[in-house]
Amino acid sequence: MAGWSVHEGRAVALPRRDVDTDQIIPARFMSASRADGYGQYLFADLREGDDGFPLDRHRGASVLIAGANFGCGSSREAAVYALVDAGIRAVIAPSFADIFAGNAVNNGLLPAALPDAEALMDELGANAAEARIDLETATLTIAGQSHEFRLPDVWRHKLTNGWDDIDLTRAHLDEIAAFRDARHANAPWVWAEQDDEQATAG
Amino acid sequence: MSRTLLDKLWDAHEVRRDPDGTSLLWVDRHLVHEGSHHAFAKLAERGLDVAEPGLTFGVADHYAPTRRRDRIEDPAIAKMLERLETNTSRHGIRLFGLNDPRQGIVHVLGPEQGLTLPGLSINCGDSHTSTHGAFGALAFGIGATEVAHVLATQTVRAQKPKSMRILVKGALGAGVSAKDIALHWIAELGTSGATGHAVEYAGDAIEALSMEGRMTLCNLSIEGGARFGMVAPDDTTLAYVKGRPFAPKGAAWDRAVAAWRALPSDPDATFDKEVTIDAARIAPTVTWGTTPEQAAPITGTVPDPDALPGGKAEAARSALDYMGLTAGQPLQDVAIDQVFLGSCTNARIEDLRAAATILRGRRARVPGVVSPGSMLVRAAAEAEGLDRVFTEAGLEWVGAGCSMCVGMNGDIVAPGKRCASSTNRNFRGRQGKGARTHLMSPVMVAAAAVTGRLTDARELMEAKA
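Residue numbers (full-length UniProt numbering), protein chains in the order written: chain A, 1 to 202; chain B, 1 to 465.
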């Protein structure tokens, strides 16, 4: 995955709080293969019958400004795939659900926590505006105004370097092996096999 | 220094910590399901093997048909199940597949088989993995990239969450259950009330809960934003675990118990956030909106959005529009079209027994589906005659799986239809496009089935007494 440090694109507002993962991508689309692209499923049910849906009104927008607790609900990474495959590079909201935010960063999508996001969302209304995001300074510039968002160092590093966690972790295989041996000695029951095929319910 | 249960579990699994604060945690149990196919594909792209197939377990649940398993008509569903079989067999992972008599929802099956034990770290690509915290385990849901990471390294990268304790003091009233504790605290604190935190539930009302009740409560932690929910292990925990197929036996059991006894938070441990709830104040609770925080006591009314603060007003207006409800309407006047009793939240044997106490000798006025959490729960229920209680009431008794909680297997609620449901999410379209979901406990689902409207189950319990 390629890293990035500055993004310029059009921002639109999705004036909703608690945008959950079932709205971002309804479950019925999740058996699709990623190779076919998930962008077409983004907000499928919210968009249907809504001619004024922000991402349809402003095609090509790449920054989404939304209400608090964006991405709450399931751990489905497909929600992030749908956003990324639809061309979204950053979501700006006052807060994010923990699992969603982690999934986003793992796919190069910035979850930018900005306390004023809802005010920004209201100002933008149904319009689009040019936005610039700088990860190094953690700033969003929109309509001539700069806003500093919260960006933990670990996320900044991952987004800018495009790091893959498996590669990072595999540099520590010796430590993992030593930990495993100690775990096996101290808590052997972790590896315990069932002693028979008996079945118990309860 | 005194430590919390979270501290002890975290320390026991931390392989290393990076300067930026990221911990690399060892994973004792990795549970995979049909949805894990993205992660297996990532592994294949890199030509990597599964690091610890013996600590990895596969379960067919999200797409599991609840009827006619011998002939799956939807090719997309058949493909999802086949991919799970292929991926687990290729990597030597034990699979509780569709035709295994132990098959069930991963968060029901794990504890039932003794795969879930106190003191373990448990990960699964499912947000309701918090369920397993009920045993005093470090259990949290992860995304597909993280699932691939666990498969490849048997570790997960995570930032240690802040600690939060929810103390529930006193005794729950009759007809009030763990589901109501959860809906109550989420309504009070909001769906992001515990974001960034690991919740430990404590207090005499929690100690009095069965393991099934504790699992329901920990399961719903994520609906309040907490990726982790946990309860310290005690005698109730040990009694549940002992003798389970994968639980330690003999001398290993004694050694494990000694370790588990040291897990509870130290008496003087402090938490980053603490909330106290009076159990006696919790009523049977139902949701009226499209997030789990939009909930109220069944004795109440649909709230007036104008009376709600700030951003909650617009969210409530939008939710009432979707739900087809009017502000001020008594909740007990809301007519329903169907019921669903199932899911990783409330489909264990105790849940079925509770619902049956209401339904025994009564008829349901609306159609409904009862999907036990596992095929072993199903067998146990049938041995007690619970299946006949449900079918004689007019409800359909089907197989185990995630079923109508998420609708991936084709069990859905039709557009515009209103379902009283023992599940975990009332999101728009969760149970099917346009479906209207009201979350509630198993006894409340049973009561709604009997009257055809949202109902205070306590009234039906009294009528029987």
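Everything labelled a hint here was simulated from the structure, so no lab data went into it.
You may find that some hints are simply not true.
Just so you have them, the derived chain B footprint on chain A, three or more residues with Cβ under 8 angstroms [unchecked claim]:
| # | segment |
| --- | --- |
| 1 | 57-70 |
| 2 | 73-84 |
| 3 | 175-184 |
Now the in silico label distances, taken between C-beta atoms and shown as ranges [claimed, not checked]:
| # | chain 1 | residue 1 | chain 2 | residue 2 | range |
| --- | --- | --- | --- | --- | --- |
| 4 | A | Glu175 | B | Gly92 | 16 to 26 angstroms |
| 5 | A | Thr139 | B | Gly310 | 19 to 29 angstroms |
| 6 | A | Ala2 | B | Gly300 | 45 to 55 angstroms |
| 7 | B | Asp11 | A | Thr139 | 32 to 42 angstroms |
Cβ coordinates follow ideal geometry from the N, Cα and C atoms, glycine included.
Taking the hints in turn, this is what the structure says about them:
Closer than 8 angstroms: that is the beta-carbon criterion, and the segment 57-70 of chain A has 3 residues meeting it against chain B, so the requirement of 3 holds. Look at the segment 73-84 of chain A against chain B: 7 of its residues bring a Cβ nearer than 8 angstroms to a Cβ of that chain, three or more, so the hint holds. Note: the segment 175-184 of chain A has 5 residues with beta-carbon separation from chain B under 8 angstroms; the three-residue rule is met and the coverage holds. In this structure the hint that glutamate 175 of chain A and glycine 92 of chain B lie 16 to 26 angstroms apart at CB holds, the actual value being about 25 angstroms.
For threonine 139 of chain A and glycine 310 of chain B, the hinted distance range of 19 to 29 angstroms is satisfied, since their beta carbons lie about 26 angstroms from each other. A hinted range of 45 to 55 angstroms for the beta carbons of alanine 2 of chain A and glycine 300 of chain B is consistent with their spacing of about 52 angstroms. Checking the proposed 32 to 42 angstroms range against aspartate 11 of chain B and threonine 139 of chain A shows it holds: the Cβ atoms sit about 37 angstroms from each other.
Figure legend: structure checked against the earlier numbered hints; every hint is met.
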